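**Q** Chains as they are written, first to last, in the numbering used here: chain A, 1 to 476; chain B, 1001 to 1139.
For the record, the hints were derived by calculation from the structure and aren't laboratory data.
Please note that a few of the clues may not be correct.
[Claimed, not checked] Simulated coverage check for chain B against chain A, where a stretch passes if three residues somewhere in it have a Cβ under 8 Å from a Cβ of chain A: (1) 1010–1017; (2) 1060–1074; (3) 1113–1120; (4) 1130–1139.
Since the model is a prediction, treat every value here as computed from it, not as a measurement.
Just so you know, even glycine gets a beta-carbon here, dropped at the ideal spot from N, CA and C.
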Amino acid sequence: MDTSQFIQRDETCWEIPAQGPMRVPAIIYADEKLLRDMDQKVHEQIANVASLPGIVEAAYAMPDAHWGYGFPIGGVAAFDPALGGVVSAGGVGFDISCGVRTLLTGLDMADLQPHKQQLADELYRTVPAGVGSTGRIHLNHDEMIAMLKGGALWAVERGFGVARDLEFIEERGCMAGAEPQYVSAKARERQKDEMGTLGSGNHYLEVQRVVDIYDQSLANVFRLKPDAIVITIHCGSRGLGHQIGTEFLKDMAMAASQYHITLPDRELACAPLDSPLGKHYLGAMRAGINCALANRQIITHLTRKAVESVFPGLHIDLLYDVSHNTCKLEPHTLNGQKRNLFVHRKGATRAFGPGHPDLPPEYRHVGQPVLIGGSMGTSSYVLCGTKDSEQRSFSSACHGAGRAMSRHQATHQWHGRALVDELANQGIIIRSASMRGVAEEAPLAYKDVHAVIDVADRAGLAKKVARLEPVICVKG
Amino acid sequence: MAPYWEHFAHEADMGIRGIAPTLEQAFEQAALAMTAVITDPAEVLPSEAIPIHCQEPDSEYLFLDWINELIYAMAVRGLLFSRFQVSINNGELTATAFGEAVDRGKHQPAVEIKGATLTELHVYQQPDGLWVAQCVVDV
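Work out the full structure: start from the sequences and follow the hints.
**A** Here it is, written out as structure tokens:
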């Protein structure tokens, strides 16, 4: 897009001043190249977000921002219920609480090398992935309700993991305020065979190698060292979250006029936080968060089983678990005043800085691990929340590279089988049921993740700690 | 002109569009476009029939419901669809979707669809008389 539409505040901060219906400014964090390469739709969408009732401070777009539904993907916005603030189903997204979890294996590359193929096969066999795959856990009504209230805590109580895991998950694995009665029967039906499944699209399970350390002391705290093997899971709330998003998006769009909300775009569908519809959505969305946390916990359990069958007796710990499609009630300090705000992060990762009470004791003195997913052939990153990000973006950072090319273009440019062979030559094993799915997720269909991460670091959104490269990718 | 479908570009996802002489056929074609996001519709046998019903006075929300009902039916029944018969009367849609169970080897399904979005949601009749039904689906 044309950079002359912005006031450049500093090297990585570009502002659209509040104008017309905008209640606050909109700010995009990017360098000049990332900004130029962003779709003009990001400008339009983030300016529209800035016009929603009750928004405070500014609407933010992260360096990986791209064209979304109402909100740009990579959008962050906080709303004050005392100012008539709203909650938006589109501001959370269809895949509620989609997120990234990284596991520490204690192995290094030399340990893995002789067993790489075997581990790839075991993981592919054990963790259900791709369209039409179903889990081995089938929930009846009561267990479904318990899962929606309990999240990863529910999963641990059922034997999927250990209590210590919960310390390393946002909300300690259980999102408070979940109200399963607002999750429709259809949403529950869609989930009943999908617990412990990865899904498809850009979701994956990756075995990764730590290749670069940028901050030794933070890497020590996160237990990362060069050549160490970690396993990263990227998935969300599966069919249940998708159905909640589908139903509330329509309900909110249709109810907007009833709440006297003028939507610049129908897809910005939202409802006042204190309205029945807003409250019902929050209750259902929080149940969706618990579904995602339980899902990643079950997949962790399956992953441990697969790894242990290859490396008997191996102990696997969580580095951390982050969600990047959420709306959460958080205290934030604005102009010296503490306010409770509903922070939407649509394709953005929470990035609490040092000293935050919600962080586990092990990380509290340094800040939150911020886990950034790559895509098959490309790097993933571990970053750390900073003190500055509280003022910069309500403690938020990017979530991935962001697509640079549509799926359509990608399938015309690459063939899945050729891509798998090419990645194999680079030492990366891909396991997937769909070669077309592989082509659509081709590494070059994404933006340059290094540029996105460098900007996030320079903008003070989160600090670079380590870079990871894929060794095995089980693609959803 | 014979009814047809096409995809249109969205940066992260896919747009589906049906174009046809009647509103019903435009809905049917858009549904085919949706199947084509997942797999080649020609590979899906129309051997199983599933009834679909939705009601919505606004034709755009009716289209949203139609696509979402198909997404739901595919998800909970583990099916893919390749043929549709739609009738619409006063905002009431009655349809049959024909398809078969997902076979991962045969269909090579690329991606599952999460939901139909309000993005680029339009249902209208062109000056040449053809109906267009379209939206972006989240994958």
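**Q** Evaluate each hint against the coordinates.
**A** Now the hints, each set against the structure:
Residue count for the stretch 1010–1017 of chain B with a Cβ under 8 Å from a Cβ of chain A: 5. That meets the three needed, and the coverage hint holds. For the stretch 1060–1074 of chain B, the assignment as covered by chain A holds, since 6 residues bring a beta-carbon within under 8 Å of that chain's beta-carbons and 3 suffice. Beta-carbon proximity to chain A at under 8 Å applies to 6 residues in the stretch 1113–1120 of chain B; the threshold of 3 is reached and the given coverage holds. Closer than 8 Å: that is the beta-carbon criterion, and the stretch 1130–1139 of chain B has 3 residues meeting it against chain A, so the requirement of 3 holds.
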